[in-house]
Amino acid sequence: MTVHVAGIGRTRYGRDERSIPEMVYEAVTAALADAGVTRDEIDSIVTASIDLFDGKVASSVLITEVVGAVMKEEARVADDGAAAFVHASAMLLSGRKETVLVVAHAKNSEADADALTAWSTDPIHMQSLGLNDLTAAALQADAWLAQGGDPDAMDAVAARRLGVAPAEVASSPVIAEPLREKHRAPLVDGACALVLTCDVRRATCDVGVSGMGLCVEPHYLGDRDLIGCPAAQKAAEQAYRMAGWRPEDVQLVEISAQFAHQEILWTRALRFAEDDGRRSVDGGAINPSGGWFAGNPYVVAGLERIACAAEAIRTGTARRVLAHGCWGPAGQGHAVVLLEGGR
Amino acid sequence: MKEQNAGYIRHRMGLAWEMSPGATFSAFHAFLEAGKLAGLRCTRCRKVYLPPRPVCGDCYMPLSEWFEVSDRGSVEGFTVSHHPILDPVTGSARPTPYASLLVRLDGASTSINHYLRGADPRTAAIGMRVRAVWREPRRTLMDLLGFEPTGGGEDAAFPRPLEAPDLKPAARVQVNLDIPFAYAVGRGGRWFCDGLRSGRILASRCGACAKTLVPCRSFCPSCFRRFAESDLREVGPGGAVAAAAGAPSPPLGLIRLDGADTLFVHHVRARRGVRVTALFKPTEERRGDPLDIEAFVPVEASA
Numbered sequence: 186m187t188v189h190v191a192g193i194g195r196t197r198y199g200r201d202e203r204s205i206p207e208m209v210y211e212a213v214t215a216a217l218a219d220a221g222v223t224r225d226e227i228d229s230i231v232t233a234s235i236d237l238f239d240g241k242v243a244s245s246v247l248i249t250e251v252v253g254a255v256m257k258e259e260a261r262v263a264d265d266g267a268a269a270f271v272h273a274s275a276m277l278l279s280g281r282k283e284t285v286l287v288v289a290h291a292k293n294s295e296a297d298a299d300a301l302t303a304w305s306t307d308p309i310h311m312q313s314l315g316l317n318d319l320t321a322a323a324l325q326a327d328a329w330l331a332q333g334g335d336p337d338a339m340d341a342v343a344a345r346r347l348g349v350a351p352a353e354v355a356s357s358p359v360i361a362e363p364l365r366e367k368h369r370a371p372l373v374d375g376a377c378a379l380v381l382t383c384d385v386r387r388a389t390c391d392v393g394v395s396g397m398g399l400c401v402e403p404h405y406l407g408d409r410d411l412i413g414c415p416a417a418q419k420a421a422e423q424a425y426r427m428a429g430w431r432p433e434d435v436q437l438v439e440i441s442a443q444f445a446h447q448e449i450l451w452t453r454a455l456r457f458a459e460d461d462g463r464r465s466v467d468g469g470a471i472n473p474s475g476g477w478f479a480g481n482p483y484v485v486a487g488l489e490r491i492a493c494a495a496e497a498i499r500t501g502t503a504r505r506v507l508a509h510g511c512w513g514p515a516g517q518g519h520a521v522v523l524l525e526g527g528r
Numbered sequence: 037m038k039e040q041n042a043g044y045i046r047h048r049m050g051l052a053w054e055m056s057p058g059a060t061f062s063a064f065h066a067f068l069e070a071g072k073l074a075g076l077r078c079t080r081c082r083k084v085y086l087p088p089r090p091v092c093g094d095c096y097m098p099l100s101e102w103f104e105v106s107d108r109g110s111v112e113g114f115t116v117s118h119h120p121i122l123d124p125v126t127g128s129a130r131p132t133p134y135a136s137l138l139v140r141l142d143g144a145s146t147s148i149n150h151y152l153r154g155a156d157p158r159t160a161a162i163g164m165r166v167r168a169v170w171r172e173p174r175r176t177l178m179d180l181l182g183f184e185p186t187g188g189g190e191d192a193a194f195p196r197p198l199e200a201p202d203l204k205p206a207a208r209v210q211v212n213l214d215i216p217f218a219y220a221v222g223r224g225g226r227w228f229c230d231g232l233r234s235g236r237i238l239a240s241r242c243g244a245c246a247k248t249l250v251p252c253r254s255f256c257p258s259c260f261r262r263f264a265e266s267d268l269r270e271v272g273p274g275g276a277v278a279a280a281a282g283a284p285s286p287p288l289g290l291i292r293l294d295g296a297d298t299l300f301v302h303h304v305r306a307r308r309g310v311r312v313t314a315l316f317k318p319t320e321e322r323r324g325d326p327l328d329i330e331a332f333v334p335v336e337a338s339a
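Residue numbers (this note's numbering), protein chains in the order written: chain X, 186 to 528; chain W, 37 to 339.
Bound conformation, chain W alone (with noise of 0.2 Å):
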């Protein structure tokens, strides 16, 4: 494990908005609730969009007409996958093979894509005739679980007009990420990440520019010249706080380490001009990335 975890630095990004799904959408989603697939059609081109978006791209014209789709359709295209991807609603892999169909809704001028469901994936085909499966109560196009064979032809019904909705946006979306990320650190955060390990803060020392830039990297960003293990230099751990930020966020500081010629960004229990030298976890604890230094506190603290 240790091994894996050598040469990367690992987040887990942790995201949240609330997303306005804004008139169109919560005018679809209403329809939706009861019992109508919702489309919006181009005054010009009489193309009907499902799902339906506020502009006509080709024509650049603002869509207000809606009608009603289907929900049965013809297969346009599909393609089976043996390749399990993780479902991002349900969190689990999908089992292999499954089928992704691009479906025309009876009516509608645009596909949608899903899923094949209650057949086998190698039965799909071009052409075939398909119809919409639900988890009811229907609220969200979240709730569309597929699409399964069904018999008959295109159903010349659709698309039907219906009475223009009360336009208001519906209540805001709440997202949430947590996407874990692995960071190559490369050849000079290799040096950086080991350097803390060992309880070191290493620079590069740019004998061209005549300048001990800390933390120490691949290359001078003034002259390109490439670094080599023989430039770094060992700088700090004391050192002068050149500027803090401080409470209520978490305090920062950009401390002015002792040989460096730029400044270091660290956590600092200090404010500006005060000494401090760096506090590393007790060996066992690093992992070889910067919150090895547990913050830079004043010299007679750490003494």
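Okay, chain X solo, but in the shape it has when bound (with noise of 0.2 Å):
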């Protein structure tokens, strides 16, 4: 049994002055569309948001019905897009069901992202100290420097993503030494939908799951190693070995990086560079969509990715395709999902 993509929404990613539902509608509707299936032939439904950014004590209630849950079975993970979309591909692989949608949502214009995110670290050993994605993913790039990473590759990947020359990122204003405003993806408002099905009558497009693979780090920083990143190298392996690739069949790269050297890392990590972390700096079939650099919400950023991938085979671009998603801070988790053509 394979998983086919079979439907593809979103919104347009910027500052958004719609409530959150009439937001997710927008994107749900434009999924359903795109597959050629209603509501009503979704089994179930996949949500992902986190309660911080949404101001909300269960963001999901919100949407119940714009997602078309009522009466109907949700779920809702509080991590990225991509973490949900390798839940709702393990429910279809079950066989317990035939048709599910996921979708993910935030708006980061309504709050700041980092005076929220430095509530969701261990409230008894780094919360009093401040610590936030900002400031853990700080620590990660000078912990990178200190080992020889290349602080020009770092300004290079920003650069390309952007469109901007190299001098214009090392000139912007620093943000968090040794981070710089414009090493960091904009973080907008958006959400993204995508139908997934195992019923190849309902597989519109060719686009089918060949593997995937979760895995999370430990949660206190001093513990983890932030220049390996193990959980994305493990979440990769898995992918691999379940779809029996090696990293050199995968034509192209969807990487979830919001800031610069995160690139650098994941990309090593995945296996797509050799260790001075260069090649995604030269290399054209990473994130040819402009990865989280191009605009996109937190939680969006992943199943974005998983979206542009399938988009890349839907126009013949690639057969074979990586996406990846993170979440958490200095990038505690990771999701890989592997996409091919005319499966």
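Treat the hints as calculated values from the structure; they're not laboratory data. Since this is a predicted model, take the numbers as computed values, not measurements. Beta carbons are placed, not taken as given, at the ideal position from N, Cα and C, and that holds for glycine.
Label pairs and their computed distance ranges (CB to CB):
#: 1; chain 1: X; residue 1: P473; chain 2: W; residue 2: S117; range: 55 to 63 Å
#: 2; chain 1: X; residue 1: G315; chain 2: W; residue 2: F255; range: 20 to 28 Å
#: 3; chain 1: W; residue 1: A161; chain 2: X; residue 2: A243; range: 31 to 39 Å
#: 4; chain 1: X; residue 1: P473; chain 2: W; residue 2: D214; range: 41 to 49 Å
#: 5; chain 1: W; residue 1: C81; chain 2: X; residue 2: P358; range: 53 to 61 Å
#: 6; chain 1: X; residue 1: D299; chain 2: W; residue 2: D214; range: 14 to 22 Å
#: 7; chain 1: W; residue 1: R130; chain 2: X; residue 2: K241; range: 21 to 29 Å
#: 8; chain 1: W; residue 1: E172; chain 2: X; residue 2: A260; range: 40 to 48 Å
#: 9; chain 1: X; residue 1: E353; chain 2: W; residue 2: S266; range: 54 to 62 Å
Two chains, two frames, a set of hints: combine them into the complex.
Have a look at this one:
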């Protein structure tokens, strides 16, 4: 049995003045229309959202109606949408469901993400220190520089993704040493939805899931190998093993990196670069979409990478692709999905 | 008070958002300012939703037909509470007993919940006729103060069609929360916090993994072994900065403490590679939490 990506829907990514339900409805109806299925043909819904970002005790309660979950099975993941995709695929592979909708949303214009993520760390050892996603990434970048990481490579990645000169990156304001403003992807609002099915009659586009993996590292930052990124490595190994692929079989890669140095680290962990981490700067087959730097909300970024990867297969740009999502401080969790055309 | 605090770490979680009410709620508020309670009717099942929402959950139809409903209705359910709750708006306790009602307004297909006003809570009954009580001017549902008993039967004139409003999202709404939390620190946390109070940084030695893990903890995260007090080891206070995140954010560092195999997260006043030591607060200012260490400072500066 093969899981197919049958439909893709998304909002424009940017500042959005609509309410969350209004925004999510647009992405869901676009995905259903793209797949040519009705809401009645959806067996189950897996959503990804984070309460802290939405300012709700349970952000999924806002969207039950607009994702078409009334009187249906709805599961919710408080990680990146790529993790929701893996869970939805597992649900289909169980043989219990035929068609599942995956939805991710966030509105990062509604609050200061760094102020919110300061509350997402362990309350006993880290919360009172004020550590957040930005400072965790800055510590990771500094640890990488300590091991010989090249600051110019970091500037080059950001410059390439943002379409600006490396000098412009290097002269942008410091946000947390050693990171500068343009080392970070712009945070916006939006929603993305995918229809997955194992019913080939509903698989309008020819994109199959060949492998997937999911892995999380320990939470305490000092316990982790911030440079080796073992969770990304293991998620990729699981996916390669499931698909029976080697990294060289992959023609296009969509990596979720909110910070420039992370694209270099993840690229290496997913086995697409030598240890100098430079191929990500030179190779055209990594993040042709622009990646997270094209402007994605938290939570949506990983599902959007999968959507971009599926579109690359649809348009004939590549036949075998890898899409990656991550979440948590300095990428505590990683999901890897391998997609293939003509399955 | 000190006894009460033992074993807990307290935080006040300050949170702020600027939330978008969206087009549907903005239109609802515009109708309300004009003195009308507006619901949205599903073109398929003809259910009138109040408060309005963008989509009919049953039919999965976008809603766009606005209808006015009455500000009178019938009680569909109620409960009388004898437990005082903090009113989230006023911050003061609501006097007990009070009655919470589910009210279906004439012309609406869904019910809304609110409080009974101007009547003994014991008189609440299913089928009771009630009328909305407002604080003027009416701007949002927050100006609905509750429902008071009234006479008369259901008003068949509702729902009444309304002219489609200009659907544009209104200004965002500022929402601030300040939530107090008390976290139980557990066995490992208690050892760690008590250690800090006595000016020591404690780690746990896992004999099976042959690793000294800082901060000390209840279990080994790798082999799941339960740690005992006899596994505690003092590490530091000296060490080297393995990585630093600097200005303008609060200066944070990963510190390789002498004797530890994992890194310690704390404030550092030094760059990567510099030898540092823990600068503890004076004994009488320590509270048994990570901030008992002011920061890690260069060894020369501490001498």
